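2 protein chains.
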Amino acid sequence: MSAYRPLSASLLIDHLATLPDLTARLGGKAADWIAREVSDGNLNTVFIVTGPAGSVCCKQSLPYVRVDPNWAMPLERTLFEARWMQAVSPAVGHQISELYHLDEGLFLIVMENLGSHQVLRSALVSGVAPAGFAARIGEFVGHAAYATSWRALAFEDVYALRDKFSRNLALTRITVDLVLTDPYRSACSRNHWLSPELDDLVTALQEDAVLHTAVERMQERFLSSSQALLHGDLHTGSIMISGDDVRVIDGEFAVYGPIGFDLGMFIANLVMNGYAQTGHEDWMRDEIALLWASFRRAYLERWEHGGAQGDLGSLTQPASCGTERTRFFQQVMHDAVGFAGLEMIRRTIGFAQIADYEAAQDRAGEIEARRRALMTGRSLIQKAFQIDTIEALLDHV
Amino acid sequence: MSAYRPLSASLLIDHLATLPDLTARLGGKAADWIAREVSDGNLNTVFIVTGPAGSVCCKQSLPYVRVDPNWAMPLERTLFEARWMQAVSPAVGHQISELYHLDEGLFLIVMENLGSHQVLRSALVSGVAPAGFAARIGEFVGHAAYATSWRALAFEDVYALRDKFSRNLALTRITVDLVLTDPYRSACSRNHWLSPELDDLVTALQEDAVLHTAVERMQERFLSSSQALLHGDLHTGSIMISGDDVRVIDGEFAVYGPIGFDLGMFIANLVMNGYAQTGHEDWMRDEIALLWASFRRAYLERWEHGGAQGDLGSLTQPASCGTERTRFFQQVMHDAVGFAGLEMIRRTIGFAQIADYEAAQDRAGEIEARRRALMTGRSLIQKAFQIDTIEALLDHV
Chain A
1 MSAYRPLSAS
11 LLIDHLATLP
21 DLTARLGGKA
31 ADWIAREVSD
41 GNLNTVFIVT
51 GPAGSVCCKQ
61 SLPYVRVDPN
71 WAMPLERTLF
81 EARWMQAVSP
91 AVGHQISELY
101 HLDEGLFLIV
111 MENLGSHQVL
121 RSALVSGVAP
131 AGFAARIGEF
141 VGHAAYATSW
151 RALAFEDVYA
161 LRDKFSRNLA
171 LTRITVDLVL
181 TDPYRSACSR
191 NHWLSPELDD
201 LVTALQEDAV
211 LHTAVERMQE
221 RFLSSSQALL
231 HGDLHTGSIM
241 ISGDDVRVID
251 GEFAVYGPIG
261 FDLGMFIANL
271 VMNGYAQTGH
281 EDWMRDEIAL
291 LWASFRRAYL
301 ERWEHGGAQG
311 DLGSLTQPAS
321 CGTERTRFFQ
331 QVMHDAVGFA
341 GLEMIRRTIG
351 FAQIADYEAA
361 QDRAGEIEAR
371 RRALMTGRSL
381 IQKAFQIDTI
391 EALLDHV
Chain B
398 MSAYRPLSAS
408 LLIDHLATLP
418 DLTARLGGKA
428 ADWIAREVSD
438 GNLNTVFIVT
448 GPAGSVCCKQ
458 SLPYVRVDPN
468 WAMPLERTLF
478 EARWMQAVSP
488 AVGHQISELY
498 HLDEGLFLIV
508 MENLGSHQVL
518 RSALVSGVAP
528 AGFAARIGEF
538 VGHAAYATSW
548 RALAFEDVYA
558 LRDKFSRNLA
568 LTRITVDLVL
578 TDPYRSACSR
588 NHWLSPELDD
598 LVTALQEDAV
608 LHTAVERMQE
618 RFLSSSQALL
628 HGDLHTGSIM
638 ISGDDVRVID
648 GEFAVYGPIG
658 FDLGMFIANL
668 VMNGYAQTGH
678 EDWMRDEIAL
688 LWASFRRAYL
698 ERWEHGGAQG
708 DLGSLTQPAS
718 CGTERTRFFQ
728 QVMHDAVGFA
738 GLEMIRRTIG
748 FAQIADYEAA
758 QDRAGEIEAR
768 RRALMTGRSL
778 IQKAFQIDTI
788 EALLDHV
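These protein sequences, in sequence, are chains A and B.
For the first sequence, counting from 1, position 317 maps to 317 in the working numbering; every step adds exactly one.
For the second sequence, counting from 1, position 110 maps to 507 in the working numbering; every step adds exactly one.
These are computed hints drawn from the structure, not numbers from a lab.
As the structure is a prediction and not an experimental result, all values here were calculated from the model.
Heads up, some of the hints might be wrong.
[Said to hold, decoys possible] Part of the chain B face toward chain A, derived, beta carbon under 7 Å: (1) Thr442; (2) Val443; (3) Trp547; (4) Leu550; (5) Leu575; (6) Asp579; (7) Glu613; (8) Glu617; (9) Ser622; (10) Gln624; (11) Gly703; (12) Gln706.
[Claimed, not checked] Heads up, simulated SDA-like pairs for lysine to any residue below, C-alpha to C-alpha not over 25 Å straight-line: (13) Lys780/B x Lys164/A; (14) Lys426/B x Thr415/B; (15) Lys164/A x Lys426/B.
[To be verified] Here are some, though not all, of the chain A residues that point toward chain B, as calculated from beta-carbon distances under 10 Å: (16) Leu99; (17) Tyr100; (18) Leu102; (19) Trp150; (20) Arg151; (21) Ala160; (22) Thr172; (23) Arg173; (24) Leu178; (25) His212; (26) Arg217; (27) Glu220; (28) Ser225; (29) Asp282; (30) Gly310.
Idealized CB from N, CA, C, for every residue including glycine.
Chain A with its partners taken away, still in its complex shape (with noise of 0.2 Å):
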């Protein structure tokens, strides 16, 4: 462990050559390699680091957020990603990134360079996403949702998963205040949206009291409800793809939760791109019944054939819990709904929004892209619990 200073270039190569196993797998010496930054997302520092036998990607927690010094940030975030690695990849393999190292000093993570993925939000805005990816994202929100749960699990494992996530305080903080807080009140300085066409939506969700008892509802269930092991921030800039190999990454936002939020921030992010971009709509439709489809499928796949190690489910069969089947669903979908609609509004009047909008056709068409998202997000968050099924998801998107 070494004591934290932010890295250079040169400074994480001299950093990189002091470990066997990565100079390994870089090849040649310290002298051949170069490093080369890529920070992209709002936290951290992001460096490629390729030598001649191969490539390393190299993440660093900075004392702040990287786009926005002034606010200050503790370091630990990449120790939390780091865990929720570890915790995660037994249970869905190749579908995040291989940790190779972690210097919980630095806190710093070297991992698996993926040089030929593009970031998912990417390749759907310039349009060469391949049908499909939902698939694989609806497959690993399912085994890592099984996996971490209570079926799962005896329940002395869970508590003490869970306690490790809950000192993932200052990204859960984050996730509280921006996505379930802040683009409600009117007062918070964070927010922003295209003014004045959207004034009279803003104006309206923040003076809405019976939409803010909802959105409680929702932080009532972020916060009580423990069933899985959250990523906690799995929008499309937190996937990579190449082809249908598809990676999660970034999940130092992970922390305990309900299952429907992780699967609600991905649809949202995909009702999204749909209504910026033209032609993208159906495309968008298809790929979130398949991403329920196949969390379903997924999640299914384990119960029954995982056998009953965990606490809960103990008494039952698998075969013979149908009706619970169907219960524990439609609640997952009620959650997925209801944080589907957090996000959308968030993404469009809050502190971090997206690059999609940027994508429509004229600024007529973000406007009014922007405007169903926010009346969208509003219904979502409203009719939550009434929403059972993708199908009644995907009338009301």
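Using the hints provided, position chain B relative to the given structure of chain A.
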């Protein structure tokens, strides 16, 4: 902190004599003190120590279950009881005993001696409990639940408190096994019941796959719903009563969970007493109605006047959320109904049964009471999510 050894009366007096605060409280010198063992619960050793100026109650963990020395049990349970007292005391005041001293090495709690109080279960069985006691228990649950909820605390504080009690593994394991699972397993040797008179009902409960699905729904609620810090074992043997002074003791099972767990367990113990003892049934029904009304009033009072200090509820003014209140109390009722059903079954055929049944008029009366408890318990578990109000609950018991 001292090295662990099970304390005899004289070792306990020697230990207390080293503590100036307790010496002052007892008065005189160690030679003037008398320690009397009054162990009554299943798990621990309890002494009352009396001196010229006052008395204290001392509770020490044994490395096994007191009533079954072959059942090994970690010592730490008294630590969780002390932590529970510390956590709820600011919210519930004198509804619990005052904690004077905790020795984490001896696993010893020294607390207020409730010398003039009687265990509520004994008072009920003897018919000497004053009517109206349940109002105090409802208040206790309402105040403790609100104070440890996401409405009262920032999520960081709830996470920290929840984590503290997530280490209460041995006693939570008892709840998961004895309350939520074992009674439904025919192969579980800890179960016992009046045979042959209950054989038919026990077989039916243990072969009923639809019931088992409903039981698992309650398992999921207990495990995955972190609404508030529970007492975790709130039966009539965990209450001390003296006139209108009602105290909740024995918080060693404390863990985060659904608020309805505590309410349901207490309701079940009242229902079973009403079934067992001639003339108690209407009285117990009145107490159940009082419990619910006072829980509701106490929780709402804090919700309305406590301000929105937590992360849940920061968007709405309490006055504006009538529909949310209705939803919240319905959901607590659903849980209370389901957990009441589980408690009735486990106290009738499981490991730890209740003395109330032995107070029935005769064996026929006892069998009738136990059969009613099993049938009502089964019905409550299955209908839990359809019973929305206290009136509907009383119609079903």
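Go through the hint on histidine 212/A and say holds or violated, using the shortest Cβ distance to chain B against 10 Å. 4 Å, holds
Does the structure keep lysine 164/A and lysine 426/B at a Cα separation of 25 Å or less? 48 Å, violated
Are leucine 178/A and chain B close enough, Cβ to Cβ, to be under 10 Å, as the hint says? Status violated, d = 13 Å.
Hint check: 10 Å Cβ-Cβ cutoff, glutamate 220/A to chain B: Result: holds, 5 Å to nearest chain B Cβ.
With chain A as the partner, please determine if glutamine 624/B meets the hint condition of a C-beta pair closer than 7 Å. 5 Å, holds
Hint check: 7 Å Cβ-Cβ cutoff, serine 622/B to chain A: Holds, because the Cβ-Cβ distance from serine 622/B to chain A comes to roughly 6 Å (cut-off 7 Å).
Does the closest beta carbon of chain B sit nearer than 10 Å to the beta carbon of tryptophan 150/A? 5 Å, holds
Going by Cβ atoms only, is threonine 442/B closer than 7 Å to chain A? 26 Å, violated
Using 10 Å as the Cβ threshold, decide whether arginine 173/A counts as touching chain B. 7 Å, holds
Does threonine 172/A pass the interface hint, meaning its C-beta sits closer than 10 Å to a C-beta of chain B? 7 Å, holds
Is the hinted pair lysine 780/B and lysine 164/A satisfied, with a Cα-Cα distance of at most 25 Å? 36 Å, violated
Quick check on glutamine 706/B please, does its C-beta sit within 7 Å of some C-beta on chain A? 14 Å, violated
The structure is inconsistent with the numbered hints 1, 2, 4, 5, 6, 11, 12, 13, 15, 16, 17, 18, 24, 29, although it conforms to all the rest.
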